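Chemist: Each chain, letter by letter, is given below.
4 protein chains.
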Amino acid sequence: MASSVSAKPFLGSSAADSVSAFRSLPSDLSRPSLQFLIRTPASRKLQIKAAGSSFGTHFRVTTFGESHGGGVGCVVDGCPPRLPLLEADLQLDLDRRRPGQSRITTPRKETDTCRIYSGVSDGVTTGTPIMVLVPNTDQRGHDYSEMSKAYRPSHADATYDMKYGVRSVQGGGRSSARETIGRVAAGAIAKKILKEISGTEVLAYVSQVHNVELPQELVDHETLTLDQIESNIVRCPDPAYAEKMIAAIDAVRVRGDSVGGIVTCIVRNAPRGLGSPVFDKLEGLLAKAALSLPATKGFEFGSGFAGTYLTGSQHNDEFCVDENGRIRTRTNRSGGIQGGISNGEIINMRVAFKPTSTIGKKQHTVTREKQETDLIARGRHDPCVVPRAVPMVEAMAALVLVDQLMAHYAQCCLFPINPELQDPLSLSSARRGIEFAPSEEIANQL
Amino acid sequence: MASSVSAKPFLGSSAADSVSAFRSLPSDLSRPSLQFLIRTPASRKLQIKAAGSSFGTHFRVTTFGESHGGGVGCVVDGCPPRLPLLEADLQLDLDRRRPGQSRITTPRKETDTCRIYSGVSDGVTTGTPIMVLVPNTDQRGHDYSEMSKAYRPSHADATYDMKYGVRSVQGGGRSSARETIGRVAAGAIAKKILKEISGTEVLAYVSQVHNVELPQELVDHETLTLDQIESNIVRCPDPAYAEKMIAAIDAVRVRGDSVGGIVTCIVRNAPRGLGSPVFDKLEGLLAKAALSLPATKGFEFGSGFAGTYLTGSQHNDEFCVDENGRIRTRTNRSGGIQGGISNGEIINMRVAFKPTSTIGKKQHTVTREKQETDLIARGRHDPCVVPRAVPMVEAMAALVLVDQLMAHYAQCCLFPINPELQDPLSLSSARRGIEFAPSEEIANQL
Amino acid sequence: MASSVSAKPFLGSSAADSVSAFRSLPSDLSRPSLQFLIRTPASRKLQIKAAGSSFGTHFRVTTFGESHGGGVGCVVDGCPPRLPLLEADLQLDLDRRRPGQSRITTPRKETDTCRIYSGVSDGVTTGTPIMVLVPNTDQRGHDYSEMSKAYRPSHADATYDMKYGVRSVQGGGRSSARETIGRVAAGAIAKKILKEISGTEVLAYVSQVHNVELPQELVDHETLTLDQIESNIVRCPDPAYAEKMIAAIDAVRVRGDSVGGIVTCIVRNAPRGLGSPVFDKLEGLLAKAALSLPATKGFEFGSGFAGTYLTGSQHNDEFCVDENGRIRTRTNRSGGIQGGISNGEIINMRVAFKPTSTIGKKQHTVTREKQETDLIARGRHDPCVVPRAVPMVEAMAALVLVDQLMAHYAQCCLFPINPELQDPLSLSSARRGIEFAPSEEIANQL
Amino acid sequence: MASSVSAKPFLGSSAADSVSAFRSLPSDLSRPSLQFLIRTPASRKLQIKAAGSSFGTHFRVTTFGESHGGGVGCVVDGCPPRLPLLEADLQLDLDRRRPGQSRITTPRKETDTCRIYSGVSDGVTTGTPIMVLVPNTDQRGHDYSEMSKAYRPSHADATYDMKYGVRSVQGGGRSSARETIGRVAAGAIAKKILKEISGTEVLAYVSQVHNVELPQELVDHETLTLDQIESNIVRCPDPAYAEKMIAAIDAVRVRGDSVGGIVTCIVRNAPRGLGSPVFDKLEGLLAKAALSLPATKGFEFGSGFAGTYLTGSQHNDEFCVDENGRIRTRTNRSGGIQGGISNGEIINMRVAFKPTSTIGKKQHTVTREKQETDLIARGRHDPCVVPRAVPMVEAMAALVLVDQLMAHYAQCCLFPINPELQDPLSLSSARRGIEFAPSEEIANQL
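Residue numbers (full-length UniProt numbering), protein chains in the order written: chain A, 1 to 446; chain B, 1 to 446; chain C, 1 to 446; chain D, 1 to 446.
Take these hints with a grain of salt, some might be off.
Same chains, same label: a pair holds when it works inside one copy or across any pair of copies.
[Unchecked claim] No farther apart than 20 angstroms at their CA atoms in a straight line, the calculated lysine to any residue pairs in the SDA-like style are these:
| id | residue 1 | residue 2 |
| --- | --- | --- |
| 1 | 149 | 92 |
| 2 | 195 | 103 |
| 3 | 192 | 96 |
| 4 | 361 | 318 |
| 5 | 362 | 225 |
| 6 | 370 | 322 |
| 7 | 370 | 424 |
| 8 | 149 | 415 |
| 9 | 362 | 102 |
| 10 | 195 | 86 |
| 11 | 362 | 71 |
| 12 | 370 | 419 |
| 13 | 192 | 108 |
| 14 | 244 | 256 |
| 15 | 149 | 325 |
| 16 | 109 | 92 |
Since the hints were made in silico from the structure, they are not lab data. Quantities reported herein were computed from a predicted structural model and do not represent experimental measurements.
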């Protein structure tokens, strides 16, 4: 059997014809459709998860918790002091991420109401670790009883066992999308800092679901708003394509299957100078951040993979001076990043999500006892993850940018900046008259 | 003019038609072809570079040096003791990276001969920082005199100025491909460790140059060898396609233009269990590593962006048991990684490189004094970076894997492993009878 | 000579004569005893705390929370999987740290009952972040109303304001001993790992309170037990000296004053080879860990400051071979650490704690409005911190050792060890027949 | 014999009588004075050293190299750009550290001339990794032939073998004082930054050699100068005590023995607000830094161990307002640090160094083959390390302060500071009219 295993090369993105070839692929396999009795799993049923749970150096986020258990959340260490912050600031994005928000997401019911336990006092951050906790409420462990016997295909079950040597059941533990609650909460803080410091906005939307691709020219990144994105349940800013995407999801949902798609994310008014020239290039940090989300398969920014078809003279972004005397690029194939460092143009990126691996169709697999078997997953799942992935991608991008903003401040703003070449970070903030006074709603509480 | 700047959306990978549209794009711009006298730059001519120069946690690499100056190299801290290591081990990969190795690379002449200054004694690593230095020999600073006046389009010139506030000339400092010497040297050590511990091999090759795409079925990842890759100057394992790729590079080389392409990288016999479930997913770490290389635009693994066109039932990799009683997957759309953790199948990834931004054609740009001007780069450059990027991609992948191997060992092998679910890392090594004795050539020196 | 040692207080900047004047100093000062109306502080009353809230690289602890607020606790990331762990394991040490445990500690009442929210399943660690939360229950914010107007001398009030620019009241926020709950909980896990892996024990006790010094010869570090330490409320293993220490505390307690003291900590059966030769010397890591505890003023190990009075021939520890054929030292002035690395002898260290800065006596100080004033602290406080510091010192030592154990494993046990020179870490564990089975109490739950 | 090994408790600082008792201690041991033939060591003679070779987070120093080999040095990553820097700036401190500088240091001859390979251009830092290399020139490996057979008492020989499993000879590899060259070079850069940013000065001096203790009142920390310290070869600012110290060193030097001592270090004009409240308290970071130097046994700051003899009312530093309207403390038992954070007063600390372990007297020890033997070290060594330790302690303190300065900047200066409570860091710099122009000597080069 080993040869049949190894004979299947992975699929690259560029080969259009290989997509169609792909569809006929599973039927090629001559798999023995063994049926057998699975012996009852032992009494030790463990959830499994792991290290690598912190992100960032200066604005450092640690998430904890799993799909089933007391709850999930995060600790943010290193948040600048004196930032107005309320639980409502986090809840907004948590509600965008929440399961059960529409018919195209998992029917699992969680209100995902967060509480800030530390680090905020009288509505203002104090510089301390901010601990945010969201209790779990709708746990149906029995849904997973069958899955605990067998490795779900393309899921984390098998690899967690290989790594930790304990058995992972009940929602996949840390591989659950529920872990991303801590990221979205921390990301909401990061987005607020970016907005205050430099008017920077991070916006993501769905640009592809299965075969439905939103043409680029239908979205103007200069004027795109959160309202446009949130105007429909699939989070595509174009209403007509949103309908097509919803239809594509409904089509697979009813037959227990799933589809993938692409989330596009932009950063508008990004400060210049973020990132660094070598290992911490801004694009590398964004790629790691994006591909740390569940179900991701690829990342590109600027011209991306399509840029490989161009020549240098076609691809280069020529410089010019705009009406405000600022150095700009005429085109933006660089995606707002040159040499690993932001240049002030719109940062854009695209993240590929595979179809959800948990599906309601019968699949062949093996049990932990290495017996071949069939599996039909009964847990609730999203037929397509991209609508709920939108706030997750925004959060990860914002976490990268705040962390790099602070790194830049530490190294390059210690001495007075060189005004001929550099823009002050705080200028835009000062320009906008922000004074970090308690907001009105806070003032009313005092 | 600001509106024309902002009106150019970035280019995504999937839109085939946008590729053709793209080509006519530069001519669309109504750019004032101002010609003017550029005032002499001030006497302070600085090279510029920056922090973020370390990679990895356990096997920690710090690179230093720039294109022009005393030399370049790296310090590797945390290397396991008792690994046989000679300068020749590093030189092999440095020669694959070296400029001037063929007519399709930059004619800059550097022998790139490395010397190990510390951390190795009597041909064996001692656990200490390994410092490797490669002196610079062929510096032609005067080639850059004109470029020092103006920002080269899509190069790091402008962003370095924005970040550091000092002037970057003479080869772009840390943005030079010369910085990657330290990575390739460290990567050679990492590859040797992987080979010893688990028979793991890291191999990369060129799978696309401009419009020439190597069909996947022409390469068998199970049997691919370094010799096949090194059999031609473009490093494509298929001789016929190699010729086409070389022709494509020659076509742009003669007219001073450049092209991009794709490097595919595989990891064979990767240990199971590397990576972790949340922020340090193996794919995220590999993406960051790959996109920290100069000129990269995108990363995908397994089914990648093409995987978004499939349904879950088409995409999932079913499990089976192979002839050795090991759990395997029948297909490998997961690219050897599930839930952020390696599953023992071949890890595969594809990295997109843009066309080299330094070209010999006239381009419009601005000077540091914010005057519009024209620029024709006279420095030596690669018409296509991908042939020399092959050892760089291998190096970065190997650095990630060794670092994760050590992390896994620290957390998950402290207590005796669970043999029902886990494979011992050292088994394969023991099985192969490796005893870490000094190799024959070392013994002769003693 | 001790008197000469202690008679020379390290007194800093303000003056030579203040040395002799030291004890009578406050009355010497001709301070204008201005009495004035303090203007009401603004309505923004913030608790303040900060970054730097994580400890360790592999076994990584992040604490959160402050004296007043929702609660305090920690997240432990990187804990090895498959370690039996119950809340009761943590509660034991939390009870030793708890306020209100005796008449010589602060009367603040907190049960400090912990709950594990994540990372443990069916009584076994799973490798995931372990979040431990202890809610605050006995908050008396009004006790601090007066202190909010003025900086308490030698407390963190002033420096927190200088750093964060927000006002710190209500128990001093993160400077509260309450923050150490998270450390003690994490330390309990670390101690359990050390015990399992190598039979390593970490024990601390009070060896000095004010002028009462426990003679070294009264404690045998080879046989010292936790029961001996816990046999009295001051945690001194010698009953007679314990009485003297308690009397010394009572003497200052009744007049609202405070005293300092010394905690001695030993590590028995420490694995050989922990620590590293340069910046991460084991003694440096232990010193940082100890001096991260509130109210600490000094750290020494082995011969310590007294060792400076010896010659090399008096000080050196000669090597010998013991009855088991193991290399040992005859004396232990090295304190179990040579060249930054543990040698298997008992590690010993002494940590100096200053007298508690919060006292019930009138002191001169200034308000935040820079007006001189008088202050009598009314908050509850410990007359002497050392009895409750004992489990804190143990916890910090254990956190260092586990982290270094994992670091050593990652770098130096990847390849088969060299049995002629090295001891296997897991040998002792295997020798003691530990199988990491669920303990009996857990088994009963299943 | 094991019991005799374990019966020797470590010696604490306070016990006066134990000091005298200590001197007769070695003679108490009934050691079998076995004499035997040592078999020739195997041909593999390795130097050994290790990980943990990086220090700092933002201003990150990595040292490399060992006593014998190509050379030693460091890489500094994260240095702020636009700092004037010449090799001469580093050489000044390297000369203070250099062996052979006087009769009371090791006669080993090394000029220790440094070269900057990267990161500085036209006399100004560029933000890139600064690599500094000092070649080794006076290697006498044969001096160590005898020592390679046996573990030198209280040296790193045995523990390095235990950790790495390879044999350490030839100067002890990374445990050599030669490793500190990289620290001193990096520290010189750090001192220059501190001076520029805030007029901060870091000065250390010898305050004790063996039994010769410099009375505190003889040094005024407010006015102490580098010239006073450098006015004699022992680096004690009081000429009379300097003579006594030199005599004490000469006394042991002639008979092949060694003595220890204490280095006092102060930081004047330290910015307020450096350090953080929990794990990264400034005192903890300084302690780790100091105890990472070879031969250290203890660290204290402010009142130190002597502070344990005071009551809270005696110990507290009362606040007042100085003539410039700034909040100050009347006394400085806090040593310039309260709650882990600098308060602007003089930071002071004392570091204990043991007598050099390498001595010219016969000692009993064991060989690597576990045979008891005698040893007389023949390598050149310092009879007392403290005179050369002075620039090392300064360097480590400066590295901590710069790193914390950058951390503070990243977190707490991102938003406009609160002028009522906080001082701007750059104020003092601006006030002193520093403009970061190229210095005159640089200007002349241009």
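Chemist: Work down the list of hints and note, for each, if the structure agrees.
Modeler: Cross-check of the supplied hints:
1. Taking identical chains as interchangeable, the C-alpha atoms of residue 149 and residue 92 are never at most 20 angstroms apart, the minima being 38 angstroms within one chain and 37 angstroms between chains.
2. In this assembly of identical chains, residue 195 and residue 103 lie within 20 angstroms of each other by CA distance neither inside one copy nor across copies; the values are 32 angstroms within and 50 angstroms between.
3. In this assembly of identical chains, residue 192 and residue 96 lie within 20 angstroms of each other by CA distance solely inside one copy; the values are 16 angstroms within and 42 angstroms between copies.
4. Within a single copy, residue 361 and residue 318 get their C-alpha atoms only as close as 52 angstroms, which misses the 20 angstroms cut-off; across copies the closest is 12 angstroms, which meets it.
5. Proximity of residue 362 and residue 225 under a CA criterion of 20 angstroms is satisfied in neither setting, with 41 angstroms inside one chain copy and 38 angstroms between copies.
6. Taking the shortest Cα distances, residue 370 and residue 322 sit within 20 angstroms of each other only across copies (10 angstroms), while inside one copy they are farther apart (65 angstroms).
7. In this assembly of identical chains, residue 370 and residue 424 lie within 20 angstroms of each other by CA distance solely across copies; the values are 18 angstroms between and 61 angstroms within a copy.
8. Within a single copy, residue 149 and residue 415 get their C-alpha atoms no closer than 61 angstroms, and across copies no closer than 25 angstroms, so neither meets the 20 angstroms cut-off.
9. Proximity of residue 362 to residue 102 under the C-alpha cut-off of 20 angstroms is found in neither arrangement, the shortest distances being 26 angstroms within a copy and 54 angstroms between copies.
10. For a Cα distance limit of 20 angstroms, the shortest separation of residue 195 from residue 86 inside one copy, 15 angstroms, qualifies, whereas the shortest one across copies, 41 angstroms, does not.
11. For a Cα distance limit of 20 angstroms, the shortest separation of residue 362 from residue 71 qualifies neither inside one copy, at 31 angstroms, nor across copies, at 47 angstroms.
12. In this assembly of identical chains, the alpha carbons of residue 370 and residue 419 lie at most 20 angstroms apart only when taken from different copies (13 angstroms versus 66 angstroms within one copy).
13. With identical chains, the CA atoms of residue 192 and residue 108 are never at most 20 angstroms apart, being 29 angstroms at best within one copy and 38 angstroms at best between copies.
14. When the C-alpha separation of residue 244 and residue 256 is checked against a cutoff of 20 angstroms, the pair qualifies only within one copy, where the shortest distance is 19 angstroms, while the shortest distance between copies is 45 angstroms.
15. Proximity of residue 149 and residue 325 under a CA criterion of 20 angstroms is satisfied inter-copy only: 18 angstroms between copies versus 66 angstroms inside one chain copy.
16. In this assembly of identical chains, the alpha carbons of residue 109 and residue 92 lie at most 20 angstroms apart only when taken from the same copy (17 angstroms versus 38 angstroms across copies).
Going down the numbered hints, you'll see the structure goes against 1, 2, 5, 8, 9, 11, 13, while the others check out.
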